[in-house]
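Engineer: Using the hints, position chain B against chain A.
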Amino acid sequence: MTTFTRRSFGALIGATLAAPGLVRAQTAGRLVIVGGGFGGASATRFARINYPEVEVTLVEPWPTFVTCPYGNLILGGNRTLPEITHSYDGLRARGVNVVQDRAADIDPVAKTVSLESGTVLDYDKLIVSPGIGFRWDAIEGYDEAASQVFPHAWMGGDGSQITLLRQQLEAMPQGGVFGISIPGNPFRCPPGPYERISMVAQYLKQNNPTAKILAFDAKDGFSKQGLFQDAWGELYGDMIEWIPLSADGQIVRVDVENKLFISDFGEEHRVDVGNVVPPQYAASIVRDTGLANETGWVPVNARTFESAAAADVHVIGDANIASPLPKSGYVANSTSKTAVAAALADVTGPEAPSDPVYFNTCYSHGGEDYSFSVVGIYRTTDEGFVETPDSGGISPRGPLSELAENRRLESGYADAWYESITRDMFS
Amino acid sequence: MATPRIRLPRSASEGEEIEVRTLIDHPMITAVSTSDPRDMLATFAVTMNGETVFTYDFGNGSAANPTFTFYVRAAAPGDFSFVWTHEDGTEYLADESVAIS
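Residue numbers (the numbering used here), protein chains in the order written: chain A, 1 to 427; chain B, 1 to 101.
Chain B extracted, bound-state conformation:
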């Protein structure tokens, strides 16, 4: 559970728009209609070279195994950091880099 998966190109040409895709295994149990204990991710944050690309707040409408696809312009080599934070404070981390060729 909670295995982050990232897909992005290993390298890009300068100024190229690259596709970044993320997926994390997570049941996202709201406990709204079941007696299972609540088990939800709270936020997802992406940074590139320390700068925020975006953050996202999950809610009860978020499905299991949340996935994101977004596009970033590669102006320079990018060190990406992906952080999913559970409502209980646990963090799930992944790091990936894109080289400029």
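Bound conformation, chain A alone:
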């Protein structure tokens, strides 16, 4: 007679019948994860692999995940939408209960998550990785309807926004003006708007070489600025004009009917294609439930990512306040593992890491075979997150004649990074 332990019995049933529901029945605790992006999908996979006795449920409204990283390459022409669209089937196959629904409410006292469909999920530990929300009121005239004329293309969603922007780019008249409005800090993916400018320029250089790009910025400086501006000068001549805050670069109003960007000092700029990256805060689920503070973002414990406002609720990814860590996919991935370990420490053990280390690497594409990166390493103190002194770094600057091989290699590293991190989320 064969004796099954709880775990091997579950694994056997799971393997034989491919019935993850039965595997989940063997549970030491219930971990619910809200949001299946860089933070949530990474947390889900990490928890499923490392805590097999824990039941893992992932709540995500979209059937597939379109990454924001590499979305700009659709504009440049180096990627297609299917290539940056990922299925949750890999996580299902690992025994994750993937629920396609939207979290509507969190009750940290009853320890439940209510979904839009009416389903209520009980949890022992909750990880919330909901991403960003747009402050639709911040730029006058820019609401959800306006984003059908001036796309934001700053959330993956179903990919329709980045597709719309690409279509508008293709339909732009020869010699036309592409305008982009860039918000002040903090916002998702600090170098993202500048990579977007680069990829739009790459497209225009080949297809519409007399076109102009006007980049209106609500800041006077930006991530990897020197590297981007080197790339723009070397690859695209005078196609790109960056207008910083101090040169009246902040766009405060848009007129979608007349295709106008209106600056803080009232200057009207006509654009043929307009891309508005709106000012942001955390997604509504954490603002409506009191997890976010007056900044619109969520304060968390730097070692555990537990919300300052609710026990057993850990908030990761772009929604939290983790400066100097940037709001990047890599940071969401890196921090998700510490959050899982911290959340499950008193469910299953082992103890959570007392001195966690977080990583960020952020590649940006300036053009064809032309990429560069910034790397940061972070630890914690009792006060919060700190960048490790003299760690990390940034790609070297210099003439392209000397750095072409470096830029080409980094382009390959970037592709490898994308393959690797999406595998760490979805495989």
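It should be emphasised that the hints constitute simulated quantities derived from the structure, not laboratory data. Where a beta carbon is used, it is the ideal one built from N, C-alpha and C, also for glycine. Where hints are given, some of them may not hold.
Simulated DEER-style distance windows between Cβ atoms [claimed, not checked]: (1) A:391 x B:68: 56 to 64 Å; (2) A:267 x B:97: 16 to 24 Å; (3) A:143 x B:38: 46 to 54 Å; (4) B:38 x A:226: 19 to 27 Å; (5) B:13 x A:160: 43 to 51 Å; (6) B:13 x A:266: 16 to 24 Å.
So these bits of chain A aren't anywhere near chain B, every CB distance computed over 10 Å [stated by the list, open to error]: (7) 63; (8) 81; (9) 148; (10) 184; (11) 237; (12) 246; (13) 267; (14) 270; (15) 323; (16) 348; (17) 405; (18) 406; (19) 413.
Structural biologist: Frame of chain A; chain B shown alone:
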């Protein structure tokens, strides 16, 4: 270069405190640490109905594209005049009016 930009309300109610913002594109090159020729604004003066609101003397600590925000009580319709004067004597002018509604 040196395009003045002004932002103030077109009209205000009597006695209302109005916000006035100014910005001028200017590199403000001090030539202290570079070999570029010095290129600096010297002063900025604001008048309302011919009366001085304030004057400002720029120095080497002034950043590029200097911007000012200030508040004025609108007791009567105001004709504002804004004058930036370069160290070489060149003047950059802007005029704006606020009506009392």
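Engineer: Of the hints given before, which are not true for this structure?
Structural biologist: 1, 12 and 13
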